[in-house]
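Chains W and V, in that order, give the protein sequences.
Residues 1 to 62 in my numbering are what the first sequence spells out, letter by letter.
Residues 1001 to 1476 in my numbering are what the second sequence spells out, letter by letter.
FYI, nobody ran anything at the bench for these hints, they're computed from the structure.
The beta-carbon is built from N, C-alpha and C at its ideal position, and this holds for glycine as well.
Some clues are possibly wrong.
Output of the computed footprint for chain V on chain W, the stretches with three or more beta carbons under 8 angstroms from beta carbons of chain V [unchecked claim]:
hint : region
1    : 18-30
2    : 40-47
Some chain V residues well away from chain W (every beta-carbon gap over 10 angstroms; in silico) [said to hold, decoys possible]:
hint : residue
3    : Arg1021
4    : Thr1060
5    : Gly1080
6    : Ser1149
7    : Leu1197
8    : Ser1234
9    : Leu1283
10   : Leu1299
11   : Arg1383
12   : Phe1411
13   : Val1468
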Amino acid sequence: MTKPYRLLALVPAVAILGAPWFANRVEPRILGMPFLLGWIVFWVLMTSVVMAIIGALDVRDP
Amino acid sequence: MIISLGILSATLLIALLLSVRGARSAGGTVSLEQWSVGSRGFGTIFVFMLLAGEIYTTFTFLGGSGWAYGRGAPAFYIIGYGAVAYIMSYWLLPAIWKRGTAWKVLSQSEYFTRAYGSPALGNLVAAVSIAALMPYLVLQLKGLGIIVSESSYGAISANDAIWIGTTATVIYVVLSGVKGSAMTAALKDVMVLLCVLGLGIVLPYTLHGGIGPMFARIAAERPDFLTLPARGMSPSWFASTVLLTVLGFYMWPHTFGSVFTARDASVFRRNAALMPLYQLVLLFVFFIGFAALLSVPGLKGADVDLALLRVTRDTFGPWIVGLVGAAGLLTALVPGSLILMSIATTLARIVRPPREGQPADSATFARLLVPLLAAIALFFTFRGGSTLVTLLLMAYSMVTQLFPALFASFFPNARITAGGAIAGIVVGEAAVAVTTLGGVSMASIFPGWSHGVTDINAGFLALVLNVVTMVLVSRL
């Protein structure tokens, strides 16, 4: 965890673990889904993006 | 009915053929290393298929839709924990791989033996892992029975299906080992993707006019169903359960086997970005469960696991039912085969440990163990009653207790001793037994405390006791 960009990984983890406090409601609905589900789905996608970014930076600077 | 039966048998046949091909390409005598970890030569795609192969089990397929159908919003934790676990995998799996490969170990118990220089600890871990894997295997077999009997419209009884499926698994595990599992996992993934994406999109549209209208109807009819309740499966239940499941996620012994198949550590770094996308398949599993809630209402208790198959049978013809059943069949066979292989490898290496200057050829012995282990699992499948869910939850909590000792093994400066690790695991497992079997809950331990505390997953208490014991005994 010495490289600061690796801390990015904490963002989706906190967003998902904190989902019931940040997002425990039905409205507004996201693509038809209840807000809680939409929020979790969004952060799962972001997990993929964040891990790809960290992976790419780690390859450049191992 | 005949069509769906045909598709089911064809799928089983293809799975067997794939394994025979895998066996032939492996050639003549197979070492235990080739059989159980594919000579450590697998790239990103094969490792991805194995790791995904053991994650998408019958539970995901039936249980995921069943949870959405029966409980609503609390089911969303299943999508959440996967993503957090993949974040952790970026650092955890290369660390396990690096040490395991340098030590040339094949199983989780051997990893612990080498990490702490203690065969006693290795044997304890082996005992824990086998005790946890057996109910997990039984669960796969029960799921297999449900899927085949439902999708053959009752033409094949659940018991017959379990016998046939287990026999097929034994044949292909013995023949081709982990390579056969990886090949079948690929076939499984294609079928699961097709079925789940297809049903998850088509069912909400044909039955309810779309995803939006479907959720609007649920929100109108069951106002509390799409958010977490204030008590019970509350926010603190959600967060603590996600966290605990993440810690246990990679503690399954068969996962260690899959990790050791990797060619190099960068395989896991690429998978950490790929796997979360794959996790989203679950979203469509949920859509199927929610679609079933409105159109095949009334399933109660353990029957909620039938939601996916019932709504498919009610809406489509035997072709689709057969395809869904076949995909479900493979979600039982692939994890089942990996579990069998993992137990057999663990036992073989304990009974016949590798010695210096002698080729470690316990492969034949490990393969002979497979039918025996399958027979034991069959016994429990037919004898075990409705306590299966309890057993599965307990199995998960049991393997989670291995996490502190594993984590400490990455930090030699922490001075955790073998004795400390053993004491921690024993105390943790005892606490798991008391809370799951003894019916002791957080509410009974902390009477009068708020729901924010008492809804926390009891597994945490066991984990805290485990860590405290581990550190204290190591300092003695």
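Hints the structure fails to honour: Per hint list: 5, 8 and 9 violated.
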